[in-house]
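Colleague: In the order they appear, the protein sequences are chains A, H and Z. Residue 1 is where the first sequence starts when you use my numbering, and the numbers rise one by one after that. Residue 1001 is where the second sequence starts when you use my numbering, and the numbers rise one by one after that. Residue 2001 is where the third sequence starts when you use my numbering, and the numbers rise one by one after that.
Worth flagging that the hints you see were computed from the coordinates, not collected in a lab. Don't be surprised by glycine CBs; every beta carbon is placed ideally from N, CA and C. Worth double-checking, as some hints may not be accurate.
[As the list claims (entries may be wrong)] Label-pair ranges, simulated between beta-carbon atoms:
(1) H:Ala1110 x Z:Phe2206: 47 to 55 Å
(2) A:Ala27 x H:Ile1224: 21 to 29 Å
(3) H:Pro1104 x Z:Asp2202: 30 to 38 Å
(4) H:Thr1223 x Z:Thr2030: 44 to 52 Å
(5) H:Leu1097 x Z:Leu2134: 14 to 22 Å
(6) A:Ala27 x H:Arg1139: 41 to 49 Å
(7) A:Ala119 x Z:Ala2213: 51 to 59 Å
(8) Z:Phe2206 x H:Trp1057: 54 to 62 Å
(9) Z:Ser2129 x H:Gly1077: 54 to 62 Å
(10) H:Glu1230 x A:Asn10: 16 to 24 Å
(11) Z:Leu2144 x A:Glu3: 51 to 59 Å
[What the hints assert, rightly or not] Some chain Z residues judged to face chain H by a derived CB distance under 10 Å, without partners named:
(12) Trp2015
(13) Leu2037
(14) Ala2160
(15) Ala2164
(16) Leu2175
(17) Val2182
(18) Leu2184
(19) Arg2188
(20) Pro2199
(21) Phe2206
[Claimed, not checked] In silico negatives: residues of chain Z with every beta carbon more than 10 Å from chain A:
(22) Ser2008
(23) Ser2024
(24) Leu2040
(25) Val2041
(26) Ser2043
(27) Thr2053
(28) Pro2095
(29) Ala2107
(30) Leu2144
(31) Asp2202
(32) Val2216
(33) Val2219
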Amino acid sequence: MNERALRLMNVGKTFGRQRALADVSLAFLPGQVAAVLGPNGAGKSTLLSLLATLSQPSQGRITLGDEQLSRHSPLRAAIGYVGHEPGVYGDLSARHNLRLFASLYGIANAERRIDEMLARVGLDGGRREAAARTFSRGMLQRLALARALLHQPEILLFDEPGSALDPAGAAWLAGELRRERESGRLVVLVTHDLAAAAAVATHVVVLRRGRVARDETRAGFSADEVRAIYEEAIRGKA
Amino acid sequence: MLSTMSSAQKSNTAFVVGLLLVLHGFFVVTLLVANAPLEKTMGIVQKIFYFHVPCAWLLMLSTFVCAAGSLAYLFRGSERGDRLALCSAELGVLFGLCVLVTGPLWARAAWGVFWTWDVRLTSSLLLWLMLVAYGLARRYGGAGGRRLASAMALFAAADVPLVYLSVNVWRTLHPTTKVVSSLAPGMRLPFFLSLAIFSALWGVLLTLRMRVERAQSRLLELTIVVEDAEEKSP
Amino acid sequence: MARPSWVSQAARIAWKDLHIEGRSREVVYTMGFMAALVVLVFSFAFISGQEVTVGPDAIAGILWVAVLFSGTVALSRTFDRERENEAIRSLLLSPVPRSAIYAGKLAATASIMLLVELLLVPLLAGLFSAAIWLHALWLGLLLLLGTIGFASVGVIFSAALLRARSRDALLGALLFPIVIPVLLAASRATATLLDPAAPDLDPALFWTRFLTALDVVFVVVGLWSFEPVVMGE
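Looking at chain A on its own, in the form it has when it is part of the complex:
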């Protein structure tokens, strides 16, 4: 797997009348799970959207290794994204959904890969031909992960993935995130859930009103440590 870092340099993003991000400089490294925390409106989702090339920075640059992430970027093939919504077609079955994405990404040996992914996320049981619309929230999230991992991306981006999951689902997700981190992927996780972040993160970033308030990397964080970092950052430079 590539060892490229994802860097933001003085990135700013303005939406018409709103300044969502200002002067953000960060580096995300492979083999790390970076948790991006912050109150509502801090700019977390905007940041993720920029990393996913779904929007462009108004100022600054984002690079993966040496290459700049831009609108026409073929680098999109290196990115996997799981958002609030699963991003799949409700009318198609799990397998058909994955087949569609496999062909759009040009994946060789698609059927085998799809079988692997379905087995990995635990969707290879019965209900094979059921439309995704009939799935529970947890199952949809599993399908979303399968979709995101299908093309073996270098970078995995998650936007509040655990928000609608039950505790079992959340635990499963944490396990998956750890597994990805251990296999050397670069993971960026935006979340409200400080405990969930602590369970997997090795890099914590706190955003406050569009700016980076804290940026720390450690071998691991306890839930208390994350809470302390978060609260100190939110209180501001007192």
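On the provided structure of chain A, position chains H and Z as indicated by the hints.
Modeller: Leaving out everything else, chains H and Z in the frame of chain A:
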């Protein structure tokens, strides 16, 4: 004196001078038009022509300028382009309204009915509708309203020749293009002068409107700067 | 990973829509029903009960107005499925060029519309004794060209209105002024083709060429402008 003024003052001065020239021009044109020879068949009503045609021309110009601005906005993220598109669309709606009012007045006097589905007027109506739709898209199109409107402007501009051609083949009752070159000599000067003055008026109004938009953007930028400053030193 | 070709990606996207539509047939039914209703509404509104032979001009007009109005149903649905579950985001995240997404959507929407139109034409033949067999193939070509003209603009607007509240109200209002030349050309050509007493087919030829040129212009503008419109701020 010129050398001691700031660039803002210079542009303001230029603007005022331009405005005065345009107003002066209107007086001149009015006099010329009043003194222009009366047309044989229609008499004084024909003089609507001196206002109607320039307005129709400006409607078309506005559409193209709107499309150009939209192009810059869509493909290069130019905010200035977007402002230009908005302002020229507004002017297009305004001058288009003039066309759609003067046209039927003429038609009534000339042919007895207000609307005869003739080529130019119908094409102008369609263009005008597209510009109105542009405004609707901007206003009610939600978050992506500006982009939607910009795409509309592109299609509208591409549509202009198609509209004129199709309506032309469909109906022909309007005085043909030969009208201009077959003008009696006494009419040519007022006509071209009127065309020039109206175009200048368009330019002046556009500049004025653009300045208002620019000022609003600037205000917004400054608000953000102030907020940022407050952020950094709580 | 081999990079699939633009054409195959566009085809894949079109196939996805057609596959989904094939299973539910929802758009075909609702659009078809609406089209038939428009035809009936026009019949009741414009034809005096006494005289029931209708001229080719009127038949052509009714056909194309029905296509336009019912076509907005197909257009607004074309992106509804993308909005559900934010599937569109997955499409936009993939390396597929946006123009291929546009082309795929255009192909799928136009195909569905064409299917309904092909059912509509015999209905008109039945109701008004329209001479659809005089130049059946040419008529089919006109249906294709007119549908592409309409859908090429409609797909862009439908995509842009994806998240707008007043989506349904706005789509027609924005679309119709722009596609009036399509309507004009298509109905004039159709009227000539349906007229057994037409002296020659020159008008139909002119309008068919005109429609072709118009389609080219609109599709080019569409391919070009789809990305900036859909990518958002």
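Colleague: Against each hint, give a clear statement of whether it holds in the structure.
Modeller: Results for each hint:
About 29 Å separates the C-beta atoms of Ala1110 of chain H and Phe2206 of chain Z, a value inconsistent with the hinted range of 47 to 55 Å. For the pair Ala27 of chain A and Ile1224 of chain H, the beta carbons lie near 26 Å from each other, so the given range of 21 to 29 Å is met. Distance hint for Pro1104 of chain H and Asp2202 of chain Z: a CB-CB separation of about 33 Å, consistent with the stated range 30 to 38 Å. At roughly 47 Å, the beta-carbon separation of Thr1223 of chain H and Thr2030 of chain Z lies within the given 44 to 52 Å, and the hint holds.
For Leu1097 of chain H and Leu2134 of chain Z, the hinted distance range of 14 to 22 Å is not satisfied, since their beta carbons lie about 44 Å from each other. Distance hint check for Ala27 of chain A and Arg1139 of chain H: the Cβ-Cβ separation is about 42 Å, which falls inside the suggested range of 41 to 49 Å. Between Ala119 of chain A and Ala2213 of chain Z the CB atoms are about 54 Å apart, so this pair conforms to the stated range of 51 to 59 Å. Checking the proposed 54 to 62 Å range against Phe2206 of chain Z and Trp1057 of chain H shows it is violated: the Cβ atoms sit about 27 Å from each other.
At about 57 Å, the CB distance of Ser2129 of chain Z to Gly1077 of chain H agrees with the hint of 54 to 62 Å. Taking 16 to 24 Å as the suggested C-beta distance range, the pair Glu1230 of chain H and Asn10 of chain A conforms, at roughly 20 Å. For the hinted restraint 51 to 59 Å between Leu2144 of chain Z and Glu3 of chain A, the CB-CB distance of approximately 52 Å keeps it satisfied. Nearest Cβ of chain H to the Cβ of Trp2015 of chain Z: about 26 Å, over the 10 Å cut. The hint is violated.
Proximity of Leu2037 of chain Z to chain H is violated relative to the hint, the smallest CB-CB distance being about 26 Å (cut-off 10 Å). Contact between Ala2160 of chain Z and chain H, as hinted, is supported at the beta carbon level, the nearest pair being about 4 Å apart and thus within 10 Å. Because the beta carbon of Ala2164 of chain Z sits about 3 Å from the nearest beta carbon in chain H, less than 10 Å, this interface hint is met. Of the supplied interface hints, the one on Leu2175 of chain Z holds, with its beta-carbon coming within about 9 Å of a beta-carbon of chain H, less than 10 Å.
Taking 10 Å as the C-beta contact cut-off toward chain H, the hint placing Val2182 of chain Z at the interface holds, the least distance being around 9 Å. Taking 10 Å as the C-beta cut-off, the interface hint given for Leu2184 of chain Z holds, the closest approach to chain H being about 5 Å. Hint status for Arg2188 of chain Z: holds, given a least beta-carbon distance of 7 Å to chain H, under 10 Å. Interface restraint check for Pro2199 of chain Z: the shortest CB-CB distance to chain H comes to about 17 Å, outside 10 Å, so the restraint is violated.
The beta carbon of Phe2206 of chain Z is positioned within 10 Å of a beta carbon in chain H (closest approach about 7 Å), and the interface hint is therefore held. For Ser2008 of chain Z, the condition that its CB be more than 10 Å from all CB atoms of chain A is violated, with the nearest at approximately 8 Å. Non-interface call for Ser2024 of chain Z relative to chain A: violated, since the shortest CB-CB distance, roughly 7 Å, does not exceed 10 Å. With 10 Å as the threshold on Cβ separation, the claim that Leu2040 of chain Z sits away from chain A holds: the shortest Cβ distance comes to roughly 31 Å.
With 10 Å as the threshold on Cβ separation, the claim that Val2041 of chain Z sits away from chain A holds: the shortest Cβ distance comes to roughly 31 Å. Ser2043 of chain Z, annotated as away from the interface, keeps every beta carbon of chain A farther than 10 Å; the closest lies near 36 Å. No beta-carbon of chain A comes within 10 Å of the beta-carbon of Thr2053 of chain Z; the shortest separation is about 45 Å. A beta-carbon of chain A is positioned within 10 Å of the beta-carbon of Pro2095 of chain Z; the least distance is around 5 Å.
Distance check on Ala2107 of chain Z: its Cβ is at least 16 Å (rounded) from any Cβ of chain A, clearing the 10 Å threshold; non-interface status holds. Interface exclusion of Leu2144 of chain Z from chain A stands, the closest Cβ pair being 27 Å apart, more than 10 Å. Here Asp2202 of chain Z stays apart from chain A, with its beta-carbon at least about 46 Å from theirs, past the 10 Å limit. Listed as outside the interface, Val2216 of chain Z is consistent with that label: its C-beta sits roughly 24 Å from the nearest C-beta of chain A, beyond the 10 Å cut-off.
The claim that Val2219 of chain Z lies off the interface holds: its Cβ sits roughly 20 Å from the closest Cβ of chain A, which is beyond the 10 Å cut-off.
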